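For the record, the sequence lines run as chains A and B.
Residue numbers 2 to 148, in this note's numbering, belong to the letters of the first sequence in order.
Residue numbers 10 to 201, in this note's numbering, belong to the letters of the second sequence in order.
FYI, nobody ran anything at the bench for these hints, they're computed from the structure.
Treat the hints with care, since some could be wrong.
Stated by the list, open to error - Below 30 Å or equal to it, Euclidean Cα-Cα: the simulated DSS-like pairs (lysine-lysine) are:
no., chain 1, residue 1, chain 2, residue 2
1, B, Lys-198, A, Lys-50
2, B, Lys-78, B, Lys-89
3, A, Lys-50, B, Lys-78
4, B, Lys-190, A, Lys-50
5, A, Lys-50, B, Lys-89
6, B, Lys-132, B, Lys-78
7, A, Lys-50, B, Lys-132
8, B, Lys-132, B, Lys-190
9, B, Lys-89, B, Lys-172
10, B, Lys-78, B, Lys-172
Please read all numbers here as calculations on a predicted model, not as lab measurements.
Next come the chains, spelled out residue by residue.
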Amino acid sequence: MSNNTMNCGQVRRLLPPFLDEELSGRVREQIASHLASCPACRTELEALKADIGLLEQVDTPEVTPFLATRVMAEIRQRGEPAPHGLARLVGSLAAALVVAVSIGAGVFFGFDLTQASTTVAANSTEAAVSYVESSAAGMYSMMSGGD
Amino acid sequence: MPGDNFQDQKVVTDDRELVQRAQAGDMAAFEELVRRHQRGLFSYLYRMCRNSSDAEEMAQAAMVKAWEKLGGFRGASSFKTWLYRIGTNLCFNLRTRRKPTEELTETMAAPDAERPERAYHQKVREDAVRNALERLPADQRAALVLSVYQDMSYQEIADTMGKTVRAVDSLLFRAKTNVRKALAEDRAKGII
Numbered sequence: 002m003s004n005n006t007m008n009c010g011q012v013r014r015l016l017p018p019f020l021d022e023e024l025s026g027r028v029r030e031q032i033a034s035h036l037a038s039c040p041a042c043r044t045e046l047e048a049l050k051a052d053i054g055l056l057e058q059v060d061t062p063e064v065t066p067f068l069a070t071r072v073m074a075e076i077r078q079r080g081e082p083a084p085h086g087l088a089r090l091v092g093s094l095a096a097a098l099v100v101a102v103s104i105g106a107g108v109f110f111g112f113d114l115t116q117a118s119t120t121v122a123a124n125s126t127e128a129a130v131s132y133v134e135s136s137a138a139g140m141y142s143m144m145s146g147g148d
Numbered sequence: 010m011p012g013d014n015f016q017d018q019k020v021v022t023d024d025r026e027l028v029q030r031a032q033a034g035d036m037a038a039f040e041e042l043v044r045r046h047q048r049g050l051f052s053y054l055y056r057m058c059r060n061s062s063d064a065e066e067m068a069q070a071a072m073v074k075a076w077e078k079l080g081g082f083r084g085a086s087s088f089k090t091w092l093y094r095i096g097t098n099l100c101f102n103l104r105t106r107r108k109p110t111e112e113l114t115e116t117m118a119a120p121d122a123e124r125p126e127r128a129y130h131q132k133v134r135e136d137a138v139r140n141a142l143e144r145l146p147a148d149q150r151a152a153l154v155l156s157v158y159q160d161m162s163y164q165e166i167a168d169t170m171g172k173t174v175r176a177v178d179s180l181l182f183r184a185k186t187n188v189r190k191a192l193a194e195d196r197a198k199g200i201i
């Protein structure tokens, strides 16, 4: 133990960020000064370095060379580019909703399906699109991760 | 299309520019991001889930999700830490869903077959380190892997894990203390 401003306990707690070069200049200097006069803490620092060195020696298997290809294939298969996804999503959902409402109305009223669907679709399209746009916008916002 | 002449560019393009192009719909730019980060992301996820097929599956899922969410990426952190954060969440979710006994730990082949004794000792050391890592709580392991193997700064780890720098410092201190304790026990038993 030296007569620096930091004691051994304080220095040892800071050895990992010291090794990782995460400390400010003043704290680094205090630790370096302590280490220069404290063999026990120097030994501790060397032991820490050796153990981290052991960690670094562990290999990882190589990533498959096809990973990027597979990622891009899946993205293309999904067919929805990120920035344009909302517009397409809104369009698809609106169309699907209009068709579903039309068919449902035709079945419910029990008359000429073609005529009914046209009427219902015409009346409901604007409201449906508006509803779907707001829902999809909310959903997209939820799906879009913040950073 | 902004990316039509992407292949012709001679300069090394940084991630931010690639992200901007990808956000404008340039898939070639996104593919370049995938190629840049696939190895590191796979390596990180392998060390987290200890199984190469799981790691590949998660890396692929993370990258596809990154493409889907790219419109919401504002660049407050780097693309790398953002991508790793997606991977981290997938990994933690998988660990939550899966019972510990379902985890399949792989042992890598000895790297030095012509010198069996040396290869054996190397393998024993590696197994000891892997076991020490495996025994860590997931958040400590993530912080340690990002620091030691991905060479991330504490700020980058904090961005990746959604924690403060102070919390990362604490996680790393506990992780290193625990790993060293496990390695010391192995030394005392003569294993390494």
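Hint-by-hint comparison with the structure:
1. B:Lys-198 <-> A:Lys-50: Roughly 21 Å separates the two Cα atoms, so the pair holds.
2. B:Lys-78 <-> B:Lys-89: holds, 14 Å
3. A:Lys-50 <-> B:Lys-78: violated, 39 Å
4. B:Lys-190 <-> A:Lys-50: OK: Lys-190 (chain B) and Lys-50 (chain A) at ~14 Å, within 30 Å.
5. A:Lys-50 <-> B:Lys-89: holds, 27 Å
6. B:Lys-132 <-> B:Lys-78: violated, 40 Å
7. A:Lys-50 <-> B:Lys-132: Within the cut-off at roughly 20 Å; holds.
8. B:Lys-132 <-> B:Lys-190: With Cα atoms ~20 Å apart, Lys-132 (chain B) and Lys-190 (chain B) stay inside 30 Å; holds.
9. B:Lys-89 <-> B:Lys-172: Holds. Lys-89 (chain B) to Lys-172 (chain B) sits at ~16 Å (cutoff 30 Å).
10. B:Lys-78 <-> B:Lys-172: Judged against 30 Å, a Cα distance of about 21 Å means the pair holds.
Going down the numbered hints, you'll see the structure goes against 3 and 6, while the others check out.
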